[in-house]
Every structure is written in C-alpha cells, then in structure tokens.
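Trainee: Sequence:
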Amino acid sequence: MKIAHLSDIHFGRIAYPEIVDVLLREVNAMGVDLVAVSGDLTQRARPAQYQAARAMLDAFEAPTLVVPGNHDVYAWWHRPLMRVFRPLRRYRQYITGDLAPTFEHDGVAVLGINSAYGRTVKGGWIGAAARSRVESYFAGRNAGVFKILVVHHHLTKLQALGRHDVVGRGRKTLQAALRAGVDLILCGHLHVSHIEPVEVRPARHRLVIASAGTATSDRGRKPHRRTNFYNVVEVQPACFAIEERRYDPAAQRFVTERRTRFDREAGVR
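Mapped onto my numbering, the consecutive letters of the sequence shown carry residue numbers 10 to 278.
Check before you lean on any hint, since a few could be wrong.
[Claimed, not checked] No farther apart than 20 Å at their CA atoms in a straight line, the calculated lysine-lysine pairs in the PhoX-like style are these: (1) K131 x K166; (2) K131 x K181; (3) K11 x K131; (4) K181 x K166; (5) K181 x K156; (6) K166 x K231; (7) K11 x K231.
Read the hints as simulated data drawn from the structure, not as lab findings.
Work out the full structure, taking the sequences as your base and the hints as a guide.
Mentor: Right under this line is the structure:
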C-alpha cells in the first residue's frame, strides 16, 4: 500500500503559484492508495481558503483522509466566540464533519483524530473520547495489520527538533497509541520534515513518527525555511519505508530528499 502524506497546506500563504498543481499531478501519477492530510489546510480558516482546499482534495484521484489543524479554527481576533464554541464550523462545512475518519486497505488500517481546539492558542488538545477511539478502533483489527494514526500535532518531544509544541494530553495519547499497537504516526504542525522511531518503556513497542514539512506554503521553519516537503509511505509485508520529497522551485518538481526504511518485525532501521 502506498500513502501520500501531506500537511500544512496553508491556503492563503502558498509559496509558489504552480506548486499545488505540481503536487496534484505528481501524487495522481504515482497511483497512491490514500492521500492523508494532517491538518492546517488553511491559513486563517476563511471561506475562500477552504474552497481552495476543497478543490485540491477533490482533484486527488485517490481517497483522502483529513484531520484539522490549529489554523483551521477561527482566529482569536476575528471571531473569538465562534473560536471557543464552534471552532471547526467552516471545516465541517467545507471539508468533512467526520473528526475521526478511517481507512482500511490491503492489511493497513488508518485512523485520524482531532487535536485542533479553539480554547488553545496553537498547541492543541486531545480529549478522552479521541484517546478511547484510538484504542477501540485498532483493537478491532486482526493481528498483522499495520496501524497508522494521523493527527496534526506532535504527541511527544523529539530531541532532534529542539524546542517545539506538544499537544495537550499528548503523553496520554501516545501511551494509548502504544497500547493499541500503532506502528506509524503521521503528523505535521512544525513545518519541519523529520522521521524518528520512538520507543516508550515499559511498553517496549517501537513506533515511528513521521513529521511532514509544509507541503505548499511559504512558512517552512528552522533548516527547512522556505522549503516544501511531503512524504510517501510504502507499506510491505516485511518492512515499510518513508520517502521525504522536497520541492525544487527551479525545476518545478518534487525530488527525493531521503528515504528511510524500517523492518516491521525486528524494528531495524
């Protein structure tokens, strides 16, 4: 199974006029089974930005699984009461009302959960219902199924990324994911492309976190400032691999930055 993992699209802050079309052509040409989008489709949750995001999602030939990000809720200074009480109204209107989407195909099960809440500034929050959903959904899968969780925010700090946001109740959610046997977490938010295995004891279960950079915006950070990335995940019976693809504006195409392979059983990188 092959998945295109996109994050932090940020319509309203697109980096290059052609980049969205280039991304669409490339993802459609590679024949992926799923396009997973881990949040921040918009810059300020405005209708025109959501309309552009909807058009992009509709243009993918593969099914899409989408979760919201903190930029997909109303801005504090624009609609403060709506941000608190109905933060994802426009997301539900233009994208989907399903905040725990699922997808299953060819021995792979994918679940998305919401971490975008209006009462937080940018760090996000994951409630008890979402954590329970992680365990209940994956518990129902057969042995040998590869389990993928999609969420916008990071659930734990990664030392390689320095200081960065971690979602509220992230540690509890990570523990729930470990108990459920999640193999791979697809996230974004930081606008930095990074792949890292995480082992939390005493569970002794290795999972991999794939943080996607911003796919199309001009808001890259740290070493990836003004750089665009997305990931391609390939899952095979014995292994899985994550390819980080970087946009080359001169050539107007994405190129392979690096490819990381993991053994499914032994956990060897």
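Trainee: Check the hint pairing K181 with K156 against an upper bound of 20 Å on the C-alpha distance.
Mentor: Holds - the C-alpha atoms of K156 and K181 are around 18 Å apart, at most 20 Å.
Trainee: Mind checking the alpha carbons of K166 and K231 for me, to see if they're no more than 20 Å apart?
Mentor: Since the Cα atoms of K166 and K231 sit roughly 16 Å apart, the hinted pair holds (cutoff 20 Å).
Trainee: Check whether the Cα positions of K131 and K181 lie no farther apart than 20 Å.
Mentor: OK: K131 and K181 at ~19 Å, within 20 Å.
Trainee: Would you check the hint for K181 and K166, treating anything up to 20 Å between C-alpha atoms as holding?
Mentor: With a Cα-Cα distance of about 13 Å, the restraint between K181 and K166 holds, given a limit of 20 Å.
Trainee: Are K11 and K131 close enough, with their CA atoms no more than 20 Å apart?
Mentor: Roughly 31 Å separates the two Cα atoms, so the pair is violated.
Trainee: Between K131 and K166, does the CA-CA distance stay at or below 20 Å?
Mentor: Satisfied, since the Cα-Cα distance of roughly 16 Å is no more than 20 Å.
Trainee: When you check the alpha-carbon spacing of K11 and K231, does it fall within 20 Å?
Mentor: The hint is violated at about 29 Å.
Hints 3, 7 from the list above are not met by this structure, while the remaining hints are.
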